[in-house]
Amino acid sequence: MRKRAPLVSIMIPNFNHSRYLDECIQSVLAQTYANKEIILLDNQSTDDSMNVAAKYQKDGVRVCCNAYNILSRTYNVLSESLANGEYLLLMGADDAILPTFVENAVAIMEHYPNVGYVHGERDFMREDGSLVELDPFFNCSFVAPGESVMPIYMVTTIAHPAQGIFRRSVFSRIGGYAMEIDHMNADKSLWFYLSAVCDYGYIREKMCRIRFGGDNQTSLTQRNFQHPVLCHLIINDFVRFAEQYGYSKVLARKDEALRRLAKDFLVYAGGMLANENYQGAFSYLTYARILDRGIVDNETWRNLLRMHDEKRPDIAFIKANDTMFARRTRNFPPPEGFEPICLGEL
Amino acid sequence: MNYSIVNVFVPMYNNCDVLDETIESIRALDYDPEKIFLFLTDFGSTDGTLEKAFTYRGEQTAILSLAGRRIGRTMIADMITATQFQDVGGRRMVLWPGDVLYPHCFKVAENYLYRTNRAGVRCSWLAAEVDVRDARGVVRRQMPLFTKSCYFRARSTDSSEYVRKGWRHAVLTYAGTYSAERGKISTQVNQSYWWQNLTYHGMVQENLSYLNESLGCFRERYYGNELDEILFRFEMGLTIFRMSGEVPEVHVTDKGFEANYRSQLSMYAVWRAFLLLEMVKRKEAEDCLLIARVINPDIASDECWLRMERFLERNEASDQTWLQEWFAREEPSDIPKWPIGGSLTNAWQRLRQRFGRAALSKWGNQ
Chain A
11 MRKRAPLVSI
21 MIPNFNHSRY
31 LDECIQSVLA
41 QTYANKEIIL
51 LDNQSTDDSM
61 NVAAKYQKDG
71 VRVCCNAYNI
81 LSRTYNVLSE
91 SLANGEYLLL
101 MGADDAILPT
111 FVENAVAIME
121 HYPNVGYVHG
131 ERDFMREDGS
141 LVELDPFFNC
151 SFVAPGESVM
161 PIYMVTTIAH
171 PAQGIFRRSV
181 FSRIGGYAME
191 IDHMNADKSL
201 WFYLSAVCDY
211 GYIREKMCRI
221 RFGGDNQTSL
231 TQRNFQHPVL
241 CHLIINDFVR
251 FAEQYGYSKV
261 LARKDEALRR
271 LAKDFLVYAG
281 GMLANENYQG
291 AFSYLTYARI
301 LDRGIVDNET
311 WRNLLRMHDE
321 KRPDIAFIKA
331 NDTMFARRTR
341 NFPPPEGFEP
351 ICLGEL
Chain B
60 MNYSIVNVFV
70 PMYNNCDVLD
80 ETIESIRALD
90 YDPEKIFLFL
100 TDFGSTDGTL
110 EKAFTYRGEQ
120 TAILSLAGRR
130 IGRTMIADMI
140 TATQFQDVGG
150 RRMVLWPGDV
160 LYPHCFKVAE
170 NYLYRTNRAG
180 VRCSWLAAEV
190 DVRDARGVVR
200 RQMPLFTKSC
210 YFRARSTDSS
220 EYVRKGWRHA
230 VLTYAGTYSA
240 ERGKISTQVN
250 QSYWWQNLTY
260 HGMVQENLSY
270 LNESLGCFRE
280 RYYGNELDEI
290 LFRFEMGLTI
300 FRMSGEVPEV
310 HVTDKGFEAN
320 YRSQLSMYAV
330 WRAFLLLEMV
340 KRKEAEDCLL
350 IARVINPDIA
360 SDECWLRMER
370 FLERNEASDQ
380 TWLQEWFARE
390 EPSDIPKWPI
400 GGSLTNAWQR
410 LRQRFGRAAL
420 SKWGNQ
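Quick mapping for you: the protein sequence lines, in order, are chains A and B.
Per the numbering used here, the very first residue in the first sequence carries number 11; after that it's consecutive.
Per the numbering used here, the very first residue in the second sequence carries number 60; after that it's consecutive.
If you are wondering where the hints come from, they were derived from the structure by calculation, not from laboratory data.
Every residue, glycine too, gets a C-beta built ideally from N, C-alpha and C.
Hints are not guaranteed to be accurate.
Said to hold, decoys possible - If you only want the chain B side, here are some residues facing chain A, beta carbon under 8 Å, derived:
no. : residue
1   : Tyr62
2   : Gly107
3   : Glu110
4   : Arg129
5   : Ile130
6   : Thr133
7   : Phe291
8   : Leu297
9   : Glu305
10  : Val309
11  : Ile350
12  : Val353
Work the whole structure out from these sequences, hints included.
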C-alpha cells in the first residue's frame, strides 16, 4: 500500500519584495517533500518582483498577479481560488524555510489525524541575511489538544505565518482567513480559531527563517498606528469568542494580555521617540493607559513621557528597553495534555 | 413603476424581547408581500430568539440557525453566504432586531432610486435618514445631514462628505451590494448604521444616494464594548488613509479627509465617554476619553474634551450641564454638492454620458 503524500500548496503573496524572492522561492523549491504546488501572487509590485519570480516558472512555480493591490485579501485569493492542496502554507515573500519543514509537518498530521496545524520553530533573519538565533518557544516537540493552546494566543503569537502548515479541512471549517481583522489573520487569529476545532503540533527544530526589520508590514503598521489598534481588537475578539463558547482559561488571561500589550506599546513609543516622532510616541503612551491603568507607575513609562515632554530621547535607554529579543523567556513547557513526539519516528 | 424585490436580512443573537417589533414592521410594510423575502438568521441564541422566529415562519421567510458561528463582525457575511442559494436577486438590506421600518419605507426608497436613475445617476446604495429611539423609548428626529436629497460620486473626493460631519448620525442603508466577503466593508456597515462608514462604500462602489426623509426608527446603539467599536472605526480610517496613499486610482480623498475623519471620530469617542459616565461606567468612560486623544491629539485643546476630563475628575454639575447642552446641539443641515433633481445635475450627467468619464474627470473631481 502506497504511503499517502497529499498535495501541499505553498502560497507566496508578494508586494515589492524582489530582493528577497530568490531566497524565498529557492527555499520552497528545495523542500524534500515532492507533492507540492507553489503559487506566487503579486500585488502590482513596482520593483522587478515579477521578473524575479518569472525565472522560476520553468520550475513549476505559478506566478500570478492581481489587477491592483488588494492587500491582505491576497491571502483569500491564494487559499480559496488558487491553491488546490490538502495542506496549506502561507509564506512571507521575505522569509525562507528549511528543506525538511513540509515533510516533517505533513508526517505529523498524517500520523495524528486530529492535529490540524503544525508550527516549526524559527530564527530571525536580518536584512543582510545574517541570523538572530533564538531559543525555541517550547522545550520539546509535541502534539497537544487545541483547547490547551488557545490561552497562549492571548499573550503571544508563537509563530509567524510562514511557520505554520495547516489542513485545508479545518481552515475551511473556521471560515478561512478572517477579514474583519486582517492584520494577524494569517497568524495569531488563525492559530487561535484553528485551535478551537483541532489539535496542535509543534516542531522544536528550526524550520524557518523569518525576516525582520526594514519596511515590512509590521513596521509600517506600527508607524501608522494600525498595529496597536488591531492587537487590541484581536484580544477583544478572542474574549468575545471565549465568552460565547465558554473557554474559561482564555478569559482568565485577559488582564494579563492587556498588560503585556501595554508593555509592548512602551517599546513602540520608544521607537517613535528615537525617530523624533513625538506625537506618535505620546499616542502610544496614552493608549498604554487604556490597557493598563497601572502603567503610569511604571518607571519606563514615566521616563518615556519625560523624554516626550522634554523632546529629548535617551537612545541608550530606549534600546535597553527594547525587549524584542533579549529578555523574552522561551523554552516553555508544552501545554496541558501534550504528547511528546520524535520526528524521526513518525 | 415596477418595484423591485427586496431581501431583508435580520441577524439574531439573543434578541427575543425586541424581535417582534422588527418583524411586525416588515409585515406592515406598504409593499407587495410577494416582493419581500425575509431571512432570519440566528447565531446560537439561548434566550428563545430562534423559537420566537419560528412563530413567523411562512412563505418567503427563511429561518436559518448558524449556531457555532462567531458573533461579531462576520455575522453579515456569514448570513449572505448561508443564503446565497436562495438569492432571487433584487435589493438587499440588513435590519437589526429592535429596529423598525416605517410602512412607506420601501415604496419611498424605490421611488427615489427610480428618480435618481431617471436623473442619470446610477446609485448602488441608498442612505436614508432614520429616527432614533433611546432606552426610555423616546423617539428623536435627527436633523437631516443635508437640506435636500442628493448623491455622492464614487471614487471621487465626494468621499470627504462622509467625514465632514455626522459623527453620531444613524442612517438606514438600502439596496447595497452586500457580499460574502468577510471584510471591513461588508461587516461593519450594518452593525453601526453609521454615516461615516459609508466612506468605504462611496470610495470603491458605485455612486451613493442620500434621502433626507426618515424611513424607519432605530434604537440608539450600545455595542456592549464602546471602546471596541471606536477602535474598529479608527482602524478602518487608518486603512483608508493608507489605501488612499497606496492605491490612489481606486481610493480618492481630498486633503482634509484624514483630519476630518480623526476629528469626527474623536468627537464620537468623547460623546461615548459622556454617555458611559452617565451610566456610571467610569472606567469605560475614561477609556473612550483617552482614545479620543489618541485618534486626534488636537482634541485635548477642545472645550468639550477639557470639560469631559474635568467632569471625570471632579464630577461637578456645571460641567455635566455644559456637556449635556453641548451634545444636545444639532448641526444644521448642509446644502449638498450634488442635489438630486436639479437641472444642473441632469445637465452634468448628460454631459458625462455623452463625453465619457475620463474626459470630464479632471474637471469634475476637485
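Evaluation of the provided hints:
no.: 1; hint: Tyr62; verdict: 34 Å, violated
no.: 2; hint: Gly107; verdict: 17 Å, violated
no.: 3; hint: Glu110; verdict: 19 Å, violated
no.: 4; hint: Arg129; verdict: 6 Å, holds
no.: 5; hint: Ile130; verdict: 5 Å, holds
no.: 6; hint: Thr133; verdict: 6 Å, holds
no.: 7; hint: Phe291; verdict: 6 Å, holds
no.: 8; hint: Leu297; verdict: 5 Å, holds
no.: 9; hint: Glu305; verdict: 6 Å, holds
no.: 10; hint: Val309; verdict: 6 Å, holds
no.: 11; hint: Ile350; verdict: 6 Å, holds
no.: 12; hint: Val353; verdict: 5 Å, holds
When held up to the earlier numbered hints, the structure conflicts with 1, 2, 3 and fits the remainder.
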